[in-house]
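Enquirer: Just so you know, the sequences run in chain order E and Y.
Here the numbering used here = 1-based position in the first sequence + 4.
Here the numbering used here = 1-based position in the second sequence + 5.
Note that these hints are calculated values from the structure, not bench results.
Yeah, the Cβ is synthetic: ideal placement off N, Cα and C, and Gly gets one too.
One thing to keep in mind: the hints can contain errors.
Said to hold, decoys possible - Label pairs and their computed distance ranges (CB to CB):
| hint | chain 1 | residue 1 | chain 2 | residue 2 | range |
| --- | --- | --- | --- | --- | --- |
| 1 | E | S60 | Y | D119 | 48 to 56 Å |
| 2 | Y | N120 | E | H51 | 31 to 39 Å |
| 3 | E | F43 | Y | K124 | 44 to 52 Å |
As the list claims (entries may be wrong) - Among the chain Y residues that face chain E by a calculated CB cut under 8 Å, a handful are:
| hint | residue |
| --- | --- |
| 4 | I43 |
| 5 | F46 |
| 6 | I48 |
| 7 | Y50 |
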Amino acid sequence: MKNSYGKTNNYRTKEDRMWILSAYRKKLPQLLNKGFNPFEDNSELYHKHSQKSKNSYKEHNVKSEEVEMTIKGLLILH
Amino acid sequence: MISTSTKRGYISRVNKFIDWLKTNLRVYNESKINIAIIGAFEIQYGYFKSHLKEFTRCFGSLTNIGFKRSFNAYEIVKDYIPDMMSKYELLTEENIENKEIDNYDFKERVLENDNFKEKSAKTNKNEHKKPLLSEKEIEEFLLESVFDINIK
Chain E
5 MKNSYGKTNN YRTKEDRMWI LSAYRKKLPQ LLNKGFNPFE DNSELYHKHS
55 QKSKNSYKEH NVKSEEVEMT IKGLLILH
Chain Y
6 MISTSTKRGY ISRVNKFIDW LKTNLRVYNE SKINIAIIGA FEIQYGYFKS
56 HLKEFTRCFG SLTNIGFKRS FNAYEIVKDY IPDMMSKYEL LTEENIENKE
106 IDNYDFKERV LENDNFKEKS AKTNKNEHKK PLLSEKEIEE FLLESVFDIN
156 IK
């Protein structure tokens, strides 16, 4: 597996480069814990995760709409 | 060197003075005086009383040898004032000029310190700059490069 530097080389100072590399270093174990494997096909797992995140986003939106409606209703009643 | 009896006399006089203050503070100040100040005098009186007792216990036998019993303020002043004066510089014309120069130096130093503080504040601002990449960008890059996933 080749080294991955990402956008590190777009930045000139050591501080900025270290910031980006450490961000990659922190994120990588999180993805590995989610089940992603660099030696296998991860497309299915990615779709599952993306659908989950979409559903949770929809649920969040529905809930926020419900809350908004109830607040509006309460305001009308008063 | 001040004799033991003189010291004891001095302590007892101070003690009496504080005792008098303690009892008469309210008389002269009426309601203007805070109760905490009266309490402070009370505590000071207690300290002096115990100190005097301790002093007579330790050195009481020495006073009977035949030291001078009369308390003389002039002797105390003569002993202590030269020592005190030597600690503080007398203000002469030369000293005043020097002090003005010192003050000028002090002002310059203050200005330098202010500049240094401004510079350090600027560097601190740089330290707290916003993140260079968002979490989503980082995740997408890792998924594409490490885990071979086509996101687009």
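Enquirer: If a hint holds in the structure, say so; if it does not, say that too.
Expert: A quick look at each hint next to the structure:
| no. | hint | result |
| --- | --- | --- |
| 1 | S60/E with D119/Y: 48 to 56 Å | 52 Å, holds |
| 2 | N120/Y with H51/E: 31 to 39 Å | 58 Å, violated |
| 3 | F43/E with K124/Y: 44 to 52 Å | 51 Å, holds |
| 4 | I43 | 60 Å, violated |
| 5 | F46 | 62 Å, violated |
| 6 | I48 | 58 Å, violated |
| 7 | Y50 | 65 Å, violated |
Hint compliance for this structure: hints 2, 4, 5, 6 and 7 are broken, all remaining hints hold.
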